[in-house]
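Asks: So you can see what is in the structure, the chains are spelled out below.
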Amino acid sequence: MTRQPALLQRALPTAVILLLIAGPVCLGLAGTLLPAFGYLPALGGSVLSLDPFRAVLSEPGIGLSLALSLGTGLAATAISLAIVALFTAAWFETRVFKAMTRFLSPLLSVPHAAAAIGLAFVIAPSGLIVRLLSPWATGFDRPPDLLIIHDPLGLTMTAGLIAKEVPFLFLMTLAALPQTEARRHLRIAANLGYGRMAGFFKVALPQIYPQIRLPVLAVLAYSTSVVDVARILGPTTPAPLAPRIIDWMADADPALRLQASAGAVLQLLLSVGAILIWRFGEILCSRIARSGRSSGRRYSRDAAMRQMAAVPVGLLIAAMVAALAALALWSLTAGWWFPQAFPTALTLRHWAGLFPGGSHLVGDTLLIALPAAVVAIALIVWQLELWTRTGPRRRHAAFRNLMFLPLLVPQISFLFGLQVLFLVAGWDGTYVAVALTHLVFVLPYVFLALSDPWDHLDPRLAKVAATLGASQNRILWSIRLPMLLRPLMVAAAIGFAVSIGQYLPTLMIGAGRIATITTESVALASGGSRSVAAVYAMLQLMLPLLGFVLASVVPAIAFRHRLALRLQR
Amino acid sequence: MSLKRLMPIAAALALTASMAQAQSARDASWDDITAAARGQTVYFHAWGGEPRINAYIDWAAGEVKDRYGVTVKHVKVADTAGTVTQIVAEKTAGRTTGGAVDLVWINGENFNTLKSQGLLADPGWAQTLPNWKYVDVEGKPTVLSDFTVPTDGQESPWGMAKLVFMYDSARLAEPPRSLDALAAYAAEHPGRVTYPQPPNFYGSTFLKQILISKIDDRSKLEKPVDPDRFQQDVAPLFAYLDKIHPDLWRKAEAFPANAAEMRRLLADGELDIAFTFNPGDASSAIANGELPDTVRSFVLTGGTIGNTHFVAIPFNSSAKEGAKVLANFLLSPEAQARKQDPAVWGDPTVLKISSLPENDRARFEAIDLGIATLGPDELGPTLPEPHPSWVAAIEKAWAARYGGS
Amino acid sequence: MADFPPPASGLKLDHVEIDLETRRLVTLDRLVPPGEVLTVMGDSGSGKSSLLDFVAGFLAPAFRARGRIWLDGVEITSLPPQERKVGLMFQAPLLFPHMSVGENLLFGLDRSKDQDRGQRRTLAEDALRDVGLAGFFDRDPATLSGGQQTRVALMRLLLAEPGALLLDEPFSSLDQTRRADLRNLVFSKAREKGLPILLVTHDPDDAEAAGGAMVRL
Numbered sequence: 012m013t014r015q016p017a018l019l020q021r022a023l024p025t026a027v028i029l030l031l032i033a034g035p036v037c038l039g040l041a042g043t044l045l046p047a048f049g050y051l052p053a054l055g056g057s058v059l060s061l062d063p064f065r066a067v068l069s070e071p072g073i074g075l076s077l078a079l080s081l082g083t084g085l086a087a088t089a090i091s092l093a094i095v096a097l098f099t100a101a102w103f104e105t106r107v108f109k110a111m112t113r114f115l116s117p118l119l120s121v122p123h124a125a126a127a128i129g130l131a132f133v134i135a136p137s138g139l140i141v142r143l144l145s146p147w148a149t150g151f152d153r154p155p156d157l158l159i160i161h162d163p164l165g166l167t168m169t170a171g172l173i174a175k176e177v178p179f180l181f182l183m184t185l186a187a188l189p190q191t192e193a194r195r196h197l198r199i200a201a202n203l204g205y206g207r208m209a210g211f212f213k214v215a216l217p218q219i220y221p222q223i224r225l226p227v228l229a230v231l232a233y234s235t236s237v238v239d240v241a242r243i244l245g246p247t248t249p250a251p252l253a254p255r256i257i258d259w260m261a262d263a264d265p266a267l268r269l270q271a272s273a274g275a276v277l278q279l280l281l282s283v284g285a286i287l288i289w290r291f292g293e294i295l296c297s298r299i300a301r302s303g304r305s306s307g308r309r310y311s312r313d314a315a316m317r318q319m320a321a322v323p324v325g326l327l328i329a330a331m332v333a334a335l336a337a338l339a340l341w342s343l344t345a346g347w348w349f350p351q352a353f354p355t356a357l358t359l360r361h362w363a364g365l366f367p368g369g370s371h372l373v374g375d376t377l378l379i380a381l382p383a384a385v386v387a388i389a390l391i392v393w394q395l396e397l398w399t400r401t402g403p404r405r406r407h408a409a410f411r412n413l414m415f416l417p418l419l420v421p422q423i424s425f426l427f428g429l430q431v432l433f434l435v436a437g438w439d440g441t442y443v444a445v446a447l448t449h450l451v452f453v454l455p456y457v458f459l460a461l462s463d464p465w466d467h468l469d470p471r472l473a474k475v476a477a478t479l480g481a482s483q484n485r486i487l488w489s490i491r492l493p494m495l496l497r498p499l500m501v502a503a504a505i506g507f508a509v510s511i512g513q514y515l516p517t518l519m520i521g522a523g524r525i526a527t528i529t530t531e532s533v534a535l536a537s538g539g540s541r542s543v544a545a546v547y548a549m550l551q552l553m554l555p556l557l558g559f560v561l562a563s564v565v566p567a568i569a570f571r572h573r574l575a576l577r578l579q580r
Numbered sequence: 021m022s023l024k025r026l027m028p029i030a031a032a033l034a035l036t037a038s039m040a041q042a043q044s045a046r047d048a049s050w051d052d053i054t055a056a057a058r059g060q061t062v063y064f065h066a067w068g069g070e071p072r073i074n075a076y077i078d079w080a081a082g083e084v085k086d087r088y089g090v091t092v093k094h095v096k097v098a099d100t101a102g103t104v105t106q107i108v109a110e111k112t113a114g115r116t117t118g119g120a121v122d123l124v125w126i127n128g129e130n131f132n133t134l135k136s137q138g139l140l141a142d143p144g145w146a147q148t149l150p151n152w153k154y155v156d157v158e159g160k161p162t163v164l165s166d167f168t169v170p171t172d173g174q175e176s177p178w179g180m181a182k183l184v185f186m187y188d189s190a191r192l193a194e195p196p197r198s199l200d201a202l203a204a205y206a207a208e209h210p211g212r213v214t215y216p217q218p219p220n221f222y223g224s225t226f227l228k229q230i231l232i233s234k235i236d237d238r239s240k241l242e243k244p245v246d247p248d249r250f251q252q253d254v255a256p257l258f259a260y261l262d263k264i265h266p267d268l269w270r271k272a273e274a275f276p277a278n279a280a281e282m283r284r285l286l287a288d289g290e291l292d293i294a295f296t297f298n299p300g301d302a303s304s305a306i307a308n309g310e311l312p313d314t315v316r317s318f319v320l321t322g323g324t325i326g327n328t329h330f331v332a333i334p335f336n337s338s339a340k341e342g343a344k345v346l347a348n349f350l351l352s353p354e355a356q357a358r359k360q361d362p363a364v365w366g367d368p369t370v371l372k373i374s375s376l377p378e379n380d381r382a383r384f385e386a387i388d389l390g391i392a393t394l395g396p397d398e399l400g401p402t403l404p405e406p407h408p409s410w411v412a413a414i415e416k417a418w419a420a421r422y423g424g425s
Numbered sequence: 105m106a107d108f109p110p111p112a113s114g115l116k117l118d119h120v121e122i123d124l125e126t127r128r129l130v131t132l133d134r135l136v137p138p139g140e141v142l143t144v145m146g147d148s149g150s151g152k153s154s155l156l157d158f159v160a161g162f163l164a165p166a167f168r169a170r171g172r173i174w175l176d177g178v179e180i181t182s183l184p185p186q187e188r189k190v191g192l193m194f195q196a197p198l199l200f201p202h203m204s205v206g207e208n209l210l211f212g213l214d215r216s217k218d219q220d221r222g223q224r225r226t227l228a229e230d231a232l233r234d235v236g237l238a239g240f241f242d243r244d245p246a247t248l249s250g251g252q253q254t255r256v257a258l259m260r261l262l263l264a265e266p267g268a269l270l271l272d273e274p275f276s277s278l279d280q281t282r283r284a285d286l287r288n289l290v291f292s293k294a295r296e297k298g299l300p301i302l303l304v305t306h307d308p309d310d311a312e313a314a315g316g317a318m319v320r321l
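Those sequence lines, one after another, are chains A, B and C.
Its first residue numbered 12, the first sequence is counted upward by one per residue in this note's numbering.
Its first residue numbered 21, the second sequence is counted upward by one per residue in this note's numbering.
Its first residue numbered 105, the third sequence is counted upward by one per residue in this note's numbering.
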């Protein structure tokens, strides 16, 4: 019999991980709720009341703000999911699909703010596209006065969100596919005469969707509460709810703190509402799909439809590549006036300006991101190893759902309360506090990245090692971990990238004493020099990329003489 | 000039006189302060959106480290209000010592908040700084009266700001030099004029400029808002805005987020006119390749709004002595002259140049102000800021009228 | 009940019963003497693998097992797999892909003995020569043929000095001619070392070649 570790030992990693994730979220929410009902003694608020909510609801245009948050969030999520589903349906298991996979994966490591800044410069009336076409095609020698960025309906903001969420949902779908029988069932459907896309929607999607539901809801929660993308691309008269909350929080008038807390609670309700609406939509869609599935229609001629399905993904990749190219170009620019398609002169001055101040920033960024990634890996490995040792049981489902908690609760809704708690503990502005807060978001991604490869490791290898007399620890260190080197490195790179991308947590818990590439980048985005902003956006993008390069190079070198592992993906 | 207008000056003179008596005592205590400051680390919270300013603060930090052994860490904030929030949060958490902020770049509404909530270090320290004696109290009354709120020595002046407009002379031969001319220009050239969205500081300043120019009685602005008469007082302001909005950039459905974005839009050719609070801004931006070298500055006839920006020490600073040493250094003729150089920053001094020793005077005379900077005689009269309560009130009225459309 | 005293040598399956929910999968009470083979035949799903898992110490909690297992006079029923000294071979050779052929063998070689690196390496190289794979020490396992890999896996197992062998259809992945060769190799090695063998298979050829007792599940 396998020796069972004592209960305490068995529950310890689970307890630690859940404490690290649910603790800050729940305590933070509590810390937000009290001021939302008027309780903040330091500002003289000691009577519980609904006044802060009344103040929020009497803000001009608040109804429109709520509608914008809800509308852009639902639209961005639905469209992203549709793009991913259509593309997967049309091109799964083709060369095109593989090529796109290779393009979309690195896009995931592009931070939202950097992508939005780059995108804004491509599509603005004085942006790259108009410059490339002017004046020879458009006749413009001045930029046209067109409302593209900050449009009142939030269309541009929705597009910006889609550009970032499609890669995420696509990778989640890729991860879900092997967990289902979709591959074989698709062949059966094709054999029965169903077109590729019809087969996918009737047979594979119903199996895949439950696997990606939580990531989809995380996208929904994020999109309905996004701050940085909304600021850069979204409407401003009025803005969606989340950026307005940040404005209230940052207002010099302390009374607005209470109003901001009430706003944060309202934001939580709004995101929950969006999820309920989504659930309703799910039920509706499955009703419609059920009758469609038994109709027997084959839709076998879907070539044109398949071409169409590739268009949005192609456009998206083109836009992101153009955005990144624009950023790179701006970081090297010494003067670039409309309608020139290229800068008048190039310079390395903006990059040289990084030193010595910038190297310190990079150091601080690493000082938070590296420990956060390493601790997350250690905790998740501890948990997975324990599950492996205690044998299969109902483990993942509940645990995995809880892992999504910080991704489903809007950040602003709990960070404000958390900030006050750290202050009381005297931990604000310390690396430990910031890294702990980052861990809340790093742990779920590391778990998602690592649990599947871990579970797919052939259990017989461990059995063989055990019968050869290897102890549990020896099996972990000389069999499991070395064989999982590649997924471990990828999970670490993802954790690292997630930590680097954190803006609000760093800003609020870091108390301004801790600056990272990301806080600096967003601060500079409000500044005068597009070139310097571009340098920091590039840095913000290169650090995570470096992590992913390492994650592919290190295993390649370590396994250069090991064919079986070199071919594994 | 009204008696009210003279009050701050009189107060300043009285203060200076009493200071003189305390001269010797002060010198002794300043030595104590520099001794206590040695080895301290000062967290200086200052807006970090401008690389040139950041570089200047880096320089000052290096000098203060070399000369006084005080380490200065520049905390680059995106918005000073965030720092105010943080100090409030520290008070919330009951942290009365060892606060995260030691010195903050501040003025106006933010200062008023900290002062009225008792979140600043004890009054009077600013006048105890040795370099205070060079401050131009008579010529620049705003060094003692921040948006009409008396500073009470709770903040030390750092630089002067004045609303200055920029235009590209390659596109626009003669800029509109009054608000009415600006409206007429916008009507002729739709989509080429705008202003940052209030409550952004620059947007609100533009509203205040219109308010000062259009209100029936300017003395009303020195007092807090009278809620009963507010609608009536701001009616001319909104009449003007209603008139120009349809002709603004993006038909006023969207606005630049701040002055920097507006300057970028000028560089991109989307706008014909931008504005700044730093008279040296255009020259510096040209030198940095952020604006074409055909850009020039202008001001409105009749004067533009101006104020002073300061540094203040929060009540719970963990390095008050170090913060004072840094504030004193920032006020020194050497640091002030360097700051005024457009190649460095281009921010006007708070000092009275004629009161300086000769070698320090020479530092200022040697500065090349740059092609797009107006000389002191071209800058025109400075209109004082209204009482801070006006800012909040017109921002709110603006949001209600245009922010939720 | 158990025979007392328990047999001093061989693998004793003492009134072993394995249930999955309410279904009885295995009922077995047998002694496998040293050097001999007990072949267990059955269709898939008949509980063959559960029997091996029970003996090796890997039985999943969903199964309920009763009875005891004795190896050379010692009861191993509740020992952890590492301490049972029963070697297990699966259908696939399952060489560790991140190690060289030699490292795989060294992994199996008992560490508790006082041998230096050179001696350990010599033992591993001898083992390779023993099965006709001299000079394969530094090879990547993925570059070996299926038969070669199975031979390495066998030697890795024997270097761990087990007291019994459990074979889970170990030849099913090989073609006919290789299968016979390897079968003979495994059985002769086991006889040489006096190891009892529990062979699980659905191939009558395997059963016939084993020559020992046979039970059908």
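No wet-lab data here; the hints were simulated from the structure.
Treat the hints loosely; a few may be bogus.
Derived DEER-like restraints, expressed as beta-carbon distance ranges [as the list claims (entries may be wrong)]:
hint	chain 1	residue 1	chain 2	residue 2	range
1	C	Asp234	A	Phe410	23 to 33 Å
2	B	Ala201	A	Gly374	50 to 60 Å
3	A	Val107	C	Arg295	54 to 64 Å
4	A	Asp156	B	Ala201	48 to 58 Å
5	C	Pro111	A	Arg471	23 to 33 Å
6	A	Asp264	B	Ala201	31 to 41 Å
7	C	Glu187	A	Leu574	31 to 41 Å
8	A	Ser297	C	Glu187	48 to 58 Å
9	A	Leu574	C	Ala164	28 to 38 Å
10	C	Thr226	A	Arg106	32 to 42 Å
11	A	Leu557	C	Arg170	56 to 66 Å
12	A	Asp156	B	Ala255	43 to 53 Å
13	B	Pro210	A	Ala336	49 to 59 Å
14	C	His119	A	Thr112	50 to 60 Å
What the simulated footprint calls covered on chain B by chain A, stretch by stretch (three residues with Cβ under 8 Å from a Cβ of chain A suffice, anywhere in the stretch; the number is not a length) [said to hold, decoys possible]:
hint	segment
15	141–151
16	222–232
17	257–271
18	283–289
19	319–327
20	334–343
21	367–381
Not close to chain C: a few residues of chain A, all C-beta gaps over 10 Å, as computed [as the list claims (entries may be wrong)]:
hint	residue
22	Arg317
23	Asp466
24	Asp469
25	Gly480
26	Ser482
27	Leu496
28	Phe570
Yeah, the Cβ is synthetic: ideal placement off N, Cα and C, and Gly gets one too.
Asks: A separate judgement is required for each hint: does it hold in the structure or not?
Replies: Comparing the hints with the structure gives:
Here the CB-CB span from C/Asp234 to A/Phe410 is close to 48 Å, at odds with the stated 23 to 33 Å. Taking the beta carbon of each, B/Ala201 and A/Gly374 are about 52 Å apart, inside 50 to 60 Å as hinted. Checked against the hint of 54 to 64 Å, the C-beta distance between A/Val107 and C/Arg295 comes to roughly 58 Å, which is consistent with it. Restraint check, A/Asp156 to B/Ala201: a C-beta distance of roughly 21 Å breaks the suggested window 48 to 58 Å.
In this structure, C/Pro111 and A/Arg471 meet the distance hint of 23 to 33 Å, their C-beta atoms being roughly 30 Å apart. Roughly 35 Å separates the CB atoms of A/Asp264 and B/Ala201, a value that falls within the hinted 31 to 41 Å. Between C/Glu187 and A/Leu574 the beta carbons are some 34 Å apart, a value that agrees with the proposed interval 31 to 41 Å. Distance hint check for A/Ser297 and C/Glu187: the Cβ-Cβ separation is about 53 Å, which falls inside the suggested range of 48 to 58 Å.
The supplied range of 28 to 38 Å is met by A/Leu574 and C/Ala164, whose beta-carbon atoms lie about 32 Å from each other. Evaluation of the 32 to 42 Å hint for C/Thr226 and A/Arg106 yields a failure: the beta carbon distance comes to about 50 Å. Range check, A/Leu557 to C/Arg170: about 58 Å between beta-carbon atoms, so the 56 to 66 Å window is met. For A/Asp156 and B/Ala255, the Cβ-Cβ distance of about 29 Å falls outside the hinted range of 43 to 53 Å, so the restraint is violated.
Look at B/Pro210 against A/Ala336: about 33 Å separates their beta carbons, and that is not inside 49 to 59 Å. With their beta carbons about 56 Å apart, C/His119 and A/Thr112 fall inside the hinted range of 50 to 60 Å. Interface restraint, the segment 141–151 of chain B with chain A: violated (0 residues with C-beta to C-beta distance below 8 Å; minimum three). With a threshold of 8 Å between beta carbons, the proposed coverage of the segment 222–232 of chain B by chain A is violated, since 0 of its residues qualify and at least three are required.
Coverage of a stretch by a chain is defined here by at least three residues with a beta carbon nearer than 8 Å to that chain's beta carbons; for the segment 257–271 of chain B and chain A the count is 3, and the condition holds. Coverage of the segment 283–289 of chain B by chain A holds [criterion: at least 3 residues with CB-CB distance below 8 Å; count 6]. Counting residues of the segment 319–327 of chain B whose CB falls under 8 Å from any CB of chain A gives 0; the rule of at least 3 is not met. Counting residues of the segment 334–343 of chain B whose CB lies closer than 8 Å to any CB of chain A gives 0, so the stated coverage by that chain is violated, three being the minimum.
Restraint check on the segment 367–381 of chain B versus chain A: 0 residues with Cβ-Cβ distances below 8 Å, three needed, restraint violated. Separation of A/Arg317 from chain C is adequate, the least Cβ-Cβ distance of about 37 Å exceeding the 10 Å criterion. Here A/Asp466 stays apart from chain C, with its beta-carbon at least about 15 Å from theirs, past the 10 Å limit. The claim that A/Asp469 is not at the interface with chain C is violated, since a C-beta of that chain comes within 10 Å of its own (minimum 7 Å).
Under the 10 Å C-beta cut-off, the non-interface status given to A/Gly480 relative to chain C is violated; the minimum distance is some 5 Å. Once the 10 Å rule is applied to beta carbons, A/Ser482 is inconsistent with being away from chain C; the minimum gap is 6 Å. Not every Cβ of chain C is farther than 10 Å from the Cβ of A/Leu496; the closest lies at roughly 8 Å, contradicting the non-interface assignment. Interface exclusion of A/Phe570 from chain C breaks down, the closest Cβ pair being 7 Å apart, not more than 10 Å.
The structure fails to meet hints 1, 4, 10, 12, 13, 15, 16, 19, 20, 21, 24, 25, 26, 27, 28 from the earlier list, while all remaining hints are met.
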